[in-house]
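Enquirer: Line order of the protein sequences matches chains A and B. Residue numbering for the first sequence is 0 to 148, as defined by numbering that gives the first Met the number 0. Residue numbering for the second sequence is 0 to 148, as defined by numbering that gives the first Met the number 0.
No wet-lab data here; the hints were simulated from the structure. Please read these numbers as outputs of a predicted model, since none were measured by experiment. Among the hints, a few may not be true.
[To be verified] Partner residues are not named here, just some residues of chain B that face chain A (Cβ under 7 angstroms, in silico):
{"no.": "1", "residue": "7"}
{"no.": "2", "residue": "13"}
{"no.": "3", "residue": "30"}
{"no.": "4", "residue": "31"}
{"no.": "5", "residue": "36"}
{"no.": "6", "residue": "38"}
{"no.": "7", "residue": "39"}
{"no.": "8", "residue": "42"}
{"no.": "9", "residue": "116"}
{"no.": "10", "residue": "124"}
The C-beta atom is built at its ideal place from N, Cα and C for all residues, glycine as well.
Number of protein chains: 2
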Amino acid sequence: MNYEATFINTECPVARASAILGDKWALMLVRDAFDGVTRFSDFQKSTLAAKNILTSRLKKLVDEDIFALRPASDGSAYQQYVLTEKGRALFPLIVCLRQWGEENLFHPGETHSILVDNETDAPVAKIVVRNHQGEIIGPERSRRKRVIK
Amino acid sequence: MNYEATFINTECPVARASAILGDKWALMLVRDAFDGVTRFSDFQKSTLAAKNILTSRLKKLVDEDIFALRPASDGSAYQQYVLTEKGRALFPLIVCLRQWGEENLFHPGETHSILVDNETDAPVAKIVVRNHQGEIIGPERSRRKRVIK
Chain A
0 MNYEATFINT ECPVARASAI LGDKWALMLV RDAFDGVTRF SDFQKSTLAA
50 KNILTSRLKK LVDEDIFALR PASDGSAYQQ YVLTEKGRAL FPLIVCLRQW
100 GEENLFHPGE THSILVDNET DAPVAKIVVR NHQGEIIGPE RSRRKRVIK
Chain B
0 MNYEATFINT ECPVARASAI LGDKWALMLV RDAFDGVTRF SDFQKSTLAA
50 KNILTSRLKK LVDEDIFALR PASDGSAYQQ YVLTEKGRAL FPLIVCLRQW
100 GEENLFHPGE THSILVDNET DAPVAKIVVR NHQGEIIGPE RSRRKRVIK
């Protein structure tokens, strides 16, 4: 097995992204950050993760420039973990996970959360893949193509 | 730590989805399936995963009804792993991973793949979160709300 070749030295952006985000704890922490969580103790309350797991995942997310460490906004000694621009760009991904979960992982009548627009209180639209002209396309109508950025 | 409470008996669809998809190998296998890979040996060639890892991940994806096992279409003895409807619904998620990777994990000049529409050869549109009326919204303009399905 060649871990590097599979996930890092690859031309596939899905593989490189998966090396960072293919981890359930990392996904939970990014989710919590979008919900306004910033402190270690609050991440711990929300995820119920063991301290060593939380420490290693937060460190990795900082190393990957998804979270940045900032002094607490209230002047206290606690540091805050806040999403960087790169981290904020994960919003559609977290919404995709949410919508797939909503539709596929709950029984009828089971309570769950949905994501609503603050201004209209209506659920956000279902995320779809569209082509350049705005038409919805499925996997059969797309293919990978090599490019140099 | 209460693993069940965090990922399974939770009202959060992101958590339930992450329990299944927060695994880099699972994401690689779903990616490969969208690229037309169906056989164990081809998943192995593509991911370079060790056999035991591949076996456990494929089994989990079948157990979760993301992959289904089918007799080979060419009449050979090999079985095929094909995406179910639930698995195909992961297309936007894989495209989100891809686009985030494309934009954030490659240096200028580094070769990578992009996803293009077969009919126009143009890159698929950037995935965004929209509200019910089609306006693009960011994380600040949305919030979680509890519902019963």
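Enquirer: Verify the interface restraint on residue 7/B: the C-beta must sit less than 7 angstroms from at least one C-beta of chain A.
Expert: violated, 9 angstroms
Enquirer: Can you verify the interface hint for residue 124/B: is its Cβ closer than 7 angstroms to any Cβ in chain A?
Expert: This hint holds: residue 124/B lies near chain A, its Cβ roughly 4 angstroms from the closest one there, short of 7 angstroms.
Enquirer: Given residue 36/B as an interface hint, is its Cβ closer than 7 angstroms to any Cβ of chain A?
Expert: Violated, about 12 angstroms.
Enquirer: Taking the least C-beta to C-beta distance, is residue 42/B closer than 7 angstroms to chain A?
Expert: violated, 12 angstroms
Enquirer: Tell me if the interface restraint on residue 116/B is satisfied: Cβ within less than 7 angstroms of some Cβ in chain A.
Expert: holds, 4 angstroms
Enquirer: Measuring from the C-beta of residue 31/B to each C-beta in chain A, is the shortest one below 7 angstroms?
Expert: At about 9 angstroms, which exceeds the 7 angstroms cut-off, the nearest Cβ of chain A leaves the hint on residue 31/B violated.
Enquirer: Let me know if the C-beta of residue 13/B comes in closer than 7 angstroms to any C-beta of chain A, holds or violated.
Expert: For residue 13/B, the interface hint holds, since the closest Cβ of chain A sits about 5 angstroms away, which is under 7 angstroms.
Enquirer: Checking hints one by one. Is residue 39/B an interface residue toward chain A, by the C-beta closer than 7 angstroms rule?
Expert: Given a least distance of 15 angstroms, the restraint on residue 39/B is violated.
Enquirer: For the restraint on residue 38/B, tell me whether the closest CB of chain A is nearer than 7 angstroms.
Expert: Violated: closest Cβ of chain A sits about 18 angstroms from residue 38/B, beyond 7 angstroms.
Enquirer: Holds or violated: is the Cβ of residue 30/B closer than 7 angstroms to a Cβ in chain A?
Expert: Nearest chain A Cβ about 5 angstroms off; hint holds.
In this structure, the earlier hints numbered 1, 4, 5, 6, 7 and 8 are contradicted, and the remaining ones agree with it.
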